[in-house]
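First to last, the protein sequences are chains C and V. The numbers in the first sequence follow the working numbering, run straight up by one, and end at 241. The numbers in the second sequence follow the working numbering, run straight up by one, and end at 241.
It is worth saying that the hints were derived from the structure and are not from the lab. Take these hints with a grain of salt, some might be off.
Treat identical chains as interchangeable: a pair holds within one or across any two.
Computed cross-link-like contacts, DSS-like style, restricted to lysine-lysine with a CA-CA straight-line distance of at most 25 Å [to be verified]:
#1 K146 / K198
#2 K190 / K65
#3 K65 / K146
#4 K65 / K129
There are 2 protein chains.
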Amino acid sequence: MAYELYYWPMIQGRGEFVRLALEEAGADYVDVARAPDNETGIRTMMRFMKEEGHRHPPFAPPFLKDGAVVVGQTAAILLYLGPRLGLVSDDEAETVWTHQIQLSIADVVAEAHDTHHPVGVGLYYEDQKPEAARRAEDFRKNRIPKFLGWFETILDRNPSGPSHLVGQSLTYADLSLFQLVDGLSYAFPKALIRALAKAPGVAALHAAVAERPRIRAYLDSPRRIPFNQEGIFRHYPELDG
Amino acid sequence: MAYELYYWPMIQGRGEFVRLALEEAGADYVDVARAPDNETGIRTMMRFMKEEGHRHPPFAPPFLKDGAVVVGQTAAILLYLGPRLGLVSDDEAETVWTHQIQLSIADVVAEAHDTHHPVGVGLYYEDQKPEAARRAEDFRKNRIPKFLGWFETILDRNPSGPSHLVGQSLTYADLSLFQLVDGLSYAFPKALIRALAKAPGVAALHAAVAERPRIRAYLDSPRRIPFNQEGIFRHYPELDG
């Protein structure tokens, strides 16, 4: 039975980390909220969230349905999918390590979002521009270099070599790091170029993932939603310093 | 060999979720940064983080050392400890569900932190008071009720009854929900009382966890660091509305 992914159909957002894993594995899946059209799809997703029969109701999209199993929270979805899609080692310590990296990627993603919405998600960016400028400066100058430096260290110390974050094979954490770098390159192109100059292993991993056949085909397809100003990664030139 | 927990010794913070799991299980552990005294302990922790030999360097505290295994990220530590401490089911779907709940608790914790530091972690609260007031209002009025409502729904729908979030036994998610409620009751006492009135199951779970013998003994011991204005949960009366 096909996996069913439920996520907002107009943005990459957090759902994209799941889409990339499914695409790389060539998995059979339906992006429910995009089928047959966005409006109908969103209604289907919202109805699912309100139904009272679910023992494991998701708090928010994205969530995955695999037969009777429903899993929410991006990192938990990848924890569930990883072994099924061959995107994580079956060694327990490596599994936990992969997940730890994923959680740190999730932290950067949340911080990237907060650069344009520091005061509140319910407000427009236009209502929090001075605060966003202050927060983005800290993010550019301190947080991006610190996080990328940590990923670079991990690659350096991988006994199997710097091609992957964990072991000698691709994991969902590699795909997620690709997506993080891709998002930051859209939102903060100037800051990211400076940071990547000190993290050549991260830059190489990003480039290598983009050239994997299934990922390349996905990125070139209409299934890949372009970055835009509704998602987590938004390009406001004034926030890029 | 005793588990070694590394975390800031002067706050509950994210380390507290791990401490509670270790305490409930009666596990043998050392709170490294508090021994033999805070200053020496912090130096030990910082030295560990800078050492170059670690294959799995933690990005930040808390992290756990179990022999040769090092695990960072609160939720990943609990993922690792859960089966070892008997604080999660051995059924895979229940394991992932428990973890999903933990990740949502982590989201609330991050949002609680951001109420007093919306613009930047590197700034003082005094330098972002107006922004904090705006963010805290949204947190009190919308986010706390929404999150507590979700936890209440989960308790309601647990086929084994509303005593626990998952199944019929205590999991680390129950301990973490206790800690979340405890922290919110310190930081936002007025808002929390209003929210708990609509989430009686959550209130009951919080009370029941506090009366578990090992947790009660821990809370009454000097090992439990009091809430204070350096931690994640801070009580600024002006933010409690």
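Here is what the structure says about each hint:
Taking CA atoms no more than 25 Å apart as the test, K146 paired with K198 passes inside one copy only; the shortest distance there is 11 Å, against 42 Å between copies. In this assembly of identical chains, K190 and K65 lie within 25 Å of each other by CA distance neither inside one copy nor across copies; the values are 39 Å within and 38 Å between. Proximity of K65 and K146 under a CA criterion of 25 Å is satisfied inter-copy only: 23 Å between copies versus 35 Å inside one chain copy. For the identical chains of this complex, K65 and K129 are neighbours neither inside a copy (38 Å) nor across copies (42 Å), given an alpha-carbon limit of 25 Å.
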